[in-house]
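Visitor: Residue-level listing of the chains:
Protein chains: 2
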Amino acid sequence: MNLEKTLKRLDQTRDESVSRLSELLKFKSISTNSKYKIDCISTAKWLVNELNTIGFNASLRETTGNPMVVAHTTKSKGDFLFYGHYDVQPVDPLKEWEDDPFEPKIKSISGEKVIVARGASDDKGQLMTFIEACRAINYVNNSFPINLSILLEGEEETSSPSLVPFLKKNTSELKCKYALVCDTGMWDKKTPSITCSLRGMLSEEISIKGPNRDLHSGIYGGVVNNPLKVMSDLLSNLHDKNGKVDIPYFYNGVEAVSKELKKEWKKLRFSEETFLKNLGMSKSFGEKNYSLLERLWGRPTCEINGMWGGYIEEGFKTVIPSEAHAKISFRLVGDQNPEEIRLNFRKKLMNDLPEDFEIKFSNHKGSKATQFPLNDEIINKAQKALSDEWNSKTIFEGGGGSIPIVQHFKNILDMDTLLVGFALDDDNIHSPNEKYNLKSFYKGARSWVRIIDEIAKN
Amino acid sequence: MNLEKTLKRLDQTRDESVSRLSELLKFKSISTNSKYKIDCISTAKWLVNELNTIGFNASLRETTGNPMVVAHTTKSKGDFLFYGHYDVQPVDPLKEWEDDPFEPKIKSISGEKVIVARGASDDKGQLMTFIEACRAINYVNNSFPINLSILLEGEEETSSPSLVPFLKKNTSELKCKYALVCDTGMWDKKTPSITCSLRGMLSEEISIKGPNRDLHSGIYGGVVNNPLKVMSDLLSNLHDKNGKVDIPYFYNGVEAVSKELKKEWKKLRFSEETFLKNLGMSKSFGEKNYSLLERLWGRPTCEINGMWGGYIEEGFKTVIPSEAHAKISFRLVGDQNPEEIRLNFRKKLMNDLPEDFEIKFSNHKGSKATQFPLNDEIINKAQKALSDEWNSKTIFEGGGGSIPIVQHFKNILDMDTLLVGFALDDDNIHSPNEKYNLKSFYKGARSWVRIIDEIAKN
Numbered sequence: 052m053n054l055e056k057t058l059k060r061l062d063q064t065r066d067e068s069v070s071r072l073s074e075l076l077k078f079k080s081i082s083t084n085s086k087y088k089i090d091c092i093s094t095a096k097w098l099v100n101e102l103n104t105i106g107f108n109a110s111l112r113e114t115t116g117n118p119m120v121v122a123h124t125t126k127s128k129g130d131f132l133f134y135g136h137y138d139v140q141p142v143d144p145l146k147e148w149e150d151d152p153f154e155p156k157i158k159s160i161s162g163e164k165v166i167v168a169r170g171a172s173d174d175k176g177q178l179m180t181f182i183e184a185c186r187a188i189n190y191v192n193n194s195f196p197i198n199l200s201i202l203l204e205g206e207e208e209t210s211s212p213s214l215v216p217f218l219k220k221n222t223s224e225l226k227c228k229y230a231l232v233c234d235t236g237m238w239d240k241k242t243p244s245i246t247c248s249l250r251g252m253l254s255e256e257i258s259i260k261g262p263n264r265d266l267h268s269g270i271y272g273g274v275v276n277n278p279l280k281v282m283s284d285l286l287s288n289l290h291d292k293n294g295k296v297d298i299p300y301f302y303n304g305v306e307a308v309s310k311e312l313k314k315e316w317k318k319l320r321f322s323e324e325t326f327l328k329n330l331g332m333s334k335s336f337g338e339k340n341y342s343l344l345e346r347l348w349g350r351p352t353c354e355i356n357g358m359w360g361g362y363i364e365e366g367f368k369t370v371i372p373s374e375a376h377a378k379i380s381f382r383l384v385g386d387q388n389p390e391e392i393r394l395n396f397r398k399k400l401m402n403d404l405p406e407d408f409e410i411k412f413s414n415h416k417g418s419k420a421t422q423f424p425l426n427d428e429i430i431n432k433a434q435k436a437l438s439d440e441w442n443s444k445t446i447f448e449g450g451g452g453s454i455p456i457v458q459h460f461k462n463i464l465d466m467d468t469l470l471v472g473f474a475l476d477d478d479n480i481h482s483p484n485e486k487y488n489l490k491s492f493y494k495g496a497r498s499w500v501r502i503i504d505e506i507a508k509n
Numbered sequence: 052m053n054l055e056k057t058l059k060r061l062d063q064t065r066d067e068s069v070s071r072l073s074e075l076l077k078f079k080s081i082s083t084n085s086k087y088k089i090d091c092i093s094t095a096k097w098l099v100n101e102l103n104t105i106g107f108n109a110s111l112r113e114t115t116g117n118p119m120v121v122a123h124t125t126k127s128k129g130d131f132l133f134y135g136h137y138d139v140q141p142v143d144p145l146k147e148w149e150d151d152p153f154e155p156k157i158k159s160i161s162g163e164k165v166i167v168a169r170g171a172s173d174d175k176g177q178l179m180t181f182i183e184a185c186r187a188i189n190y191v192n193n194s195f196p197i198n199l200s201i202l203l204e205g206e207e208e209t210s211s212p213s214l215v216p217f218l219k220k221n222t223s224e225l226k227c228k229y230a231l232v233c234d235t236g237m238w239d240k241k242t243p244s245i246t247c248s249l250r251g252m253l254s255e256e257i258s259i260k261g262p263n264r265d266l267h268s269g270i271y272g273g274v275v276n277n278p279l280k281v282m283s284d285l286l287s288n289l290h291d292k293n294g295k296v297d298i299p300y301f302y303n304g305v306e307a308v309s310k311e312l313k314k315e316w317k318k319l320r321f322s323e324e325t326f327l328k329n330l331g332m333s334k335s336f337g338e339k340n341y342s343l344l345e346r347l348w349g350r351p352t353c354e355i356n357g358m359w360g361g362y363i364e365e366g367f368k369t370v371i372p373s374e375a376h377a378k379i380s381f382r383l384v385g386d387q388n389p390e391e392i393r394l395n396f397r398k399k400l401m402n403d404l405p406e407d408f409e410i411k412f413s414n415h416k417g418s419k420a421t422q423f424p425l426n427d428e429i430i431n432k433a434q435k436a437l438s439d440e441w442n443s444k445t446i447f448e449g450g451g452g453s454i455p456i457v458q459h460f461k462n463i464l465d466m467d468t469l470l471v472g473f474a475l476d477d478d479n480i481h482s483p484n485e486k487y488n489l490k491s492f493y494k495g496a497r498s499w500v501r502i503i504d505e506i507a508k509n
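Chains as they are written, first to last, in the numbering used here: chain A, 52 to 509; chain B, 52 to 509.
Since the hints were made in silico from the structure, they are not lab data. Every residue, glycine too, gets a C-beta built ideally from N, C-alpha and C. Be aware that a few hints might be false.
[To be verified] Estimated spans, in silico, between C-beta atoms of each pair:
1) 149(B) / 364(A): 16 to 26 Å
2) 151(A) / 85(B): 21 to 31 Å
3) 216(A) / 145(B): 32 to 42 Å
4) 151(A) / 222(B): 45 to 55 Å
My request is simple: use the sequences and hints to build the entire structure.
Guide: In structure tokens form, the structure reads like this:
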């Protein structure tokens with residue numbers, strides 16, 4: 052393929068690329084709330100149409116949840132499978148958004164042009180870097196130098212309930228040599244990065260019930276155990292005084308970060324002070340005796356993601372509520388087993404629950420952590436391509452978040468994954484005013500052109 | 052006045068009385084949410100109209116909040132001031148109501164006719180017992196044997212912000228010999244009761260803020276202190292292991308319940324087992340070494356009435372939220388000082404707050420506890436009237452809830468209060484499916500006729 056002409060084509064069609072991204076960002080493809088299902092379907096259809104115009108045979112594939120988009124450059128499967136997700140996080144708290152989260156706006160922030168919208172960075176902007184790269188390759192070269200397949204799902208933000216059945220049902224169609232995933236970040240604005248480890252994830256929702264109805268705190272206060280008090284106690288006891296997760300056997304399978312990786316991480320330009328200042332904090336928090344990066348990438352966590360109960364509207368209601376609720380998630384590393392942890396977590400809570408109380412658990416999915424070899428052929432080629440594009444050494448970083456798909460690709464399709472992405476730390480993903488730098492978008496697309504060109508070389 | 056004829060008139064016009072109560076219950080006079088202000092005004096106007104037809108000069112009186120209803124049987128004030136409140140609690144959780152909370156329904160529960168609606172018992176049904184009594188007295192006797200005034204407010208469920216200024220502004224108009232309040236309960240279905248002590252109340256709303264925005268728990272989990280975890284710790288530390296409130300100087304001013312009262316309470320027919328069973332519990336909870344009734348009526352408490360933060364909708368969002376919130380209230384006894392407790396509560400939380408965290412407190416009002424003498428003339432007359440009507444000895448009970456108005460009547464108008472009411476423990480006040488027994492309503496009105504008759508005697 053003609054690399055230079057393809058990159059030039061991308062540079063010449065930037066405005067059209069941004070227009071297409073804006074179109075995609077207007078869809079309210081929130082997967083965590085079923086009322087947006089119709090929007091998710093519309094998003095998938097839009098993607099199918101786009102892919103069919105740039106050299107792919109694309110189709111929408113039904114699941115019991117949101118549909119998959121599957122596309123191939125050949126009659127059947129490709130040699131490389133690109134994965135992204137078109138669903139996005141909810142937008143609350145809506146009042147903290149400066150603009151409508153589904154009316155993308157180009158803004159200038161500290162001299163950088165950015166596009167602001169829910170999903171701008173996670174993951175619509177990122178998946179579009181790959182699609183725009185493919186569009187330019189197809190336009191300039193009228194073909195692709197390697198056979199490509201694309202799989203875009205619409206349930207990533209809800210732990211991908213339809214994905215495993217779909218992969219199992221379509222193994223022969225989807226199995227490739229390698230998966231390419233664009234859902235991670237740059238090390239900083241100038242430094243490209245390949246993610247070489249990912250934490251696993253386990254989430255649980257709990258509801259406890261004490262008295263059989265809401266009670267007046269004047270009439271009953273002092274003689275019944277308040278479910279909000281019980282919930283506070285339960286949640287407060289999930290960590291010990293040293294910041295360690297206080298669940299039996301939780302640290303089983305946690306491996307120390309390898310010396311090789313620790314060395315890589317030590318070399319990184321990283322200012323703990325700047326990192327924390329950006330969050331409005333002066334001091335970091337967590338397990339003693341581990342560096343901040345080690346805690347982020349190599350240590351497991353337990354976080355409360357939501358809790359509620361009683362009267363939570365304007366004004367005051369002196370109620371002892373019947374119930375209290377919480378959403379809790381764990382990040383896992385090494386060989387930690389999500390199902391064993393789920394069991395021990397539940398056992399602990401049931402054990403700590405006062406007499407007369409009931410507890411209910413809602414099943415959310417879990418996934419194990421993943422680690423990649425640093426000296427793999429594809430990883431090395433991507434490293435070269437990224438360094439060429441960004442004119443800076445590509446670094447290997449850990450990933451604190453979870454991309455369970457990587458685990459599924461390995462287990463179901465026996466396929467390794469290359470994790471490359473162009474998001475930045477201040478992109479506000481999962482938060483109000485999510486953004487994607489246009490530089491990430493333009494150079495991200497150029498990066499994929501270079502990676503595909505590099506992979507195509509013998 | 053002709054007592055027998057008046058009581059007969061009440062018995063003959065029961066259906067009309069219930070119709071009028073139903074009309075009153077249809078108003079959505081929720082005072083905790085400002086969007087129902089218009090409904091509160093309509094309720095007050097309806098009450099003014101009613102009172103003007105039964106021998107009172109009634110008027111609606113503006114405040115900065117919901118209006119007061121003031122009425123007199125004479126040109127100026129009466130000798131006895133009846134107080135009630137026309138505002139009601141919110142209705143959530145709405146899904147637990149069997150019927151629309153503002154479409155009153157007559158139902159039969161365990162052989163008893165009841166009227167079900169928000170406010171049926173607290174306080175619309177109760178205040179209507181007095182109004183229906185006055186209607187019958189006026190109809191039969193064409194006058195009242197004692198001069199009466201009526202004050203109905205619309206902000207009782209939000210700690211009565213307009214009441215103190217109103218009492219201060221209208222002291223000469225509202226000061227009477229004695230206040231009559233109908234906002235308490237019967238001991239049981241057969242036993243009338245006069246409440247001789249009330250707990251005080253203090254409520255606080257707190258918001259804490261950690262990171263300057265919501266964060267992704269994968270990307271930041273392990274290095275920042277989660278506000279939901281911090282809130283759990285703060286709330287969990289409000290009590291010690293023995294169920295005592297763990298705030299410095301909290302028990303200052305708490306007096307032991309008098310021997311006289313303890314003796315009265317011991318004589319009461321009371322089954323702890325039945326009481327708890329009715330709540331779905333097998334064991335009581337709270338401070339050691341105090342009887343259940345003592346804990347309810349004579350000991351202070353601290354309760355969490357609401358808490359929330361993070362993602363609390365359907366599905367899952369792996370967020371570390373920036374903020375967490377809680378509503379907390381205290382019940383006070385003896386000479387406990389609400390403002391001192393507020394100060395020490397705030398100090399404790401600020402002290403326990405981790406570095407980099409902010410905390411905000413919202414001011415809600417506080418009131419001290421109240422105790423009445425057991426050998427007062429009016430109390431003894433009411434005791435006789437109630438015993439006559441219910442054919443059962445009237446008992447003296449403690450009140451776990453707070454009626455701050457009683458404190459204000461004493462402090463501002465130098466006026467003692469008689470607390471008589473006909474609510475039952477299973478009336479579900481502040482809860483879904485609130486009800487008022489029609490027997491409470493009919494015999495409540497008859498009781499007021501007898502009390503007024505008794506007071507009028509020399």
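Visitor: Each hint needs a verdict: does it hold in this structure or not?
Guide: Results of checking the hints against the structure:
For the pair residue 149(B) and residue 364(A), the beta carbons lie near 22 Å from each other, so the given range of 16 to 26 Å is met. For residue 151(A) and residue 85(B), the Cβ-Cβ distance of about 26 Å falls inside the hinted range of 21 to 31 Å, so the restraint holds. Distance hint check: the CB atoms of residue 216(A) and residue 145(B) are about 37 Å apart, consistent with the given range 32 to 42 Å. Range check, residue 151(A) to residue 222(B): Cβ separation about 54 Å, and the 45 to 55 Å hint holds.
Hint violations for this structure: none, all hints satisfied.
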